[in-house]
Amino acid sequence: MTYGSRIIKKSVEMTIAMLIIIGLWYALAIFIKNQMLPTPWEAVTEFFRIFRSTIWVHFYVSAYRVVVSLLVSFAAAVPLGLLIGREEVIDRFISPVIYLIYPLPKIVFLPLVFLFFGLGDFPKIFMISMIVAFQILVTARDAAKGVPQQSIYSMTSLGASKWQIFYHVIWPSCLPKVLTSLRISLGTAIAVLFFVETFATTEGLGYFIMDSWSRSEYSEMFAGIIGMSILGLILYIIVDIIDARWCKWQKL
Amino acid sequence: MILAENLSLTYKQENVHIKALSDISCHLEKGSSLAVIGPSGCGKSSLLFLMAGLNKPTIGKIMINGKEPDAANPDTALILQDYGLFPWKTVYENASLGLNIRGFNKKNQREIVIPILEKLGLAEFVNHFPTQLSGGQRQRVAIARSLALKPKLLLMDEPLSSLDALTRENLQKFILDVWVNNNLTLVLVTHSIEEAVFLGSKILVMSDRPGRVIDIIENPLVGSEGYRQSPEFHQICSKLRRLLGVIN
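Protein chains in written order, with the working numbering: chain A, 1 to 252; chain B, 253 to 500.
Derived by calculation from the structure, the hints in this document are not laboratory data.
Be aware that a few hints might be false.
[To be verified] Short, incomplete list of chain B residues facing chain A, as computed with Cβ under 7 angstroms:
no.: 1; residue: 306
no.: 2; residue: 340
no.: 3; residue: 353
no.: 4; residue: 355
All values derive from a computational prediction rather than experimental measurement.
Glycine included, every Cβ here is placed at the ideal spot set by N, Cα and C.
In isolation and in its complexed conformation, chain A is listed as follows:
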């Protein structure tokens, strides 16, 4: 199948899926008959009506926070994870620490993080990054551990340095797993984003949703929810595109 026809096929599938979801939503809205759950039509019109005036600003701020967080955690966690996975000495010291911290719900440190870093964007980005980085770190480490020793021998016998082994073997062989972990962490990242945006800020979709709720503006609230969903979807698609480009060999 060509690249173009694959995109068309995927778009058709997505459209059908969306229609099904909207249909279910519509049925539920009619069934419940409560103003807290507007019909899809009302929510979508509201979304477009206030997009330029309100939603866009919040969308932009939220997107900025979550994208920076993802980039930071990816850039920090992947190299570190791969290194821990390959270097036994480092692994022996760091892995027990990870083992203890990993199951801890990092979100409970939110008050402390706000206390130390103030109320701007930084503590929010810090919080999301910390949570996401751990998930990516553990995946990258385990993926790097799983690289067969034979592959390393092959490289060594070609005269490769440590750095060349990382570049040619460890990184590309772990990338599919790392991207999967990134995909999974996307959901977490947006959930955490929502949570941190409900505190001490007047910007971001999380704030907008909670604010609309407190004002009983349910159509607006749903416009915010749609905004958050679109943010998640766009990020998901971006990871998919990266996956298709960098891990072409996996899809043969």
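Given the coordinates of chain A, assemble chain B onto it according to the supplied hints.
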């Protein structure tokens, strides 16, 4: 070319010392070939890894051209059974990897690799990934990568064991041609008796672990026309079967 004296190798696995090789001595002249055969787990691959410089003997010494083997030595190329090619690299990228690592520029890499791929019948597959190739084609890519570095010594660890019988015989002929045409010294680890006799001008027969030398058989007719059909070929095969304790 290769001189091994009283090699022993012991390694540690989960706190247990395992003796892999015991008192192995052999020598191999430049331009000849050595087939190493023995039961599985007898340390054949360990012996090859010592020659490749990926491991050091516990006792004894091994010299290649008067020097201790060094993994980074460009004169030695190693081909492993399954993991030699990287699935994320195309045929061309895999074949030029050695040159790439050794810092050849893009233009030089092309000039060296493309003719080799053409000669090995892989020209139309340069942009394919290994998973799109047959097992035999994959082994040829692995061989192309080694030849690109113009090695003097080619070490192969059961290179054909995952192939079907027909492809296998074709590739044995192919390896024979590569060996003869490139002035190589060849060491080949195998568990196939026919393969050892077809490719080794010397055949080192190893015992069960810890691997010891049971016998070293001279096989002077290797590479001669129609050797596979000749009575000498079958005599040596029978001798090997006897030495390896295979009951006919």
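Now the hints, each set against the structure:
no. : hint : result
1   : 306  : 5 angstroms, holds
2   : 340  : 4 angstroms, holds
3   : 353  : 5 angstroms, holds
4   : 355  : 10 angstroms, violated
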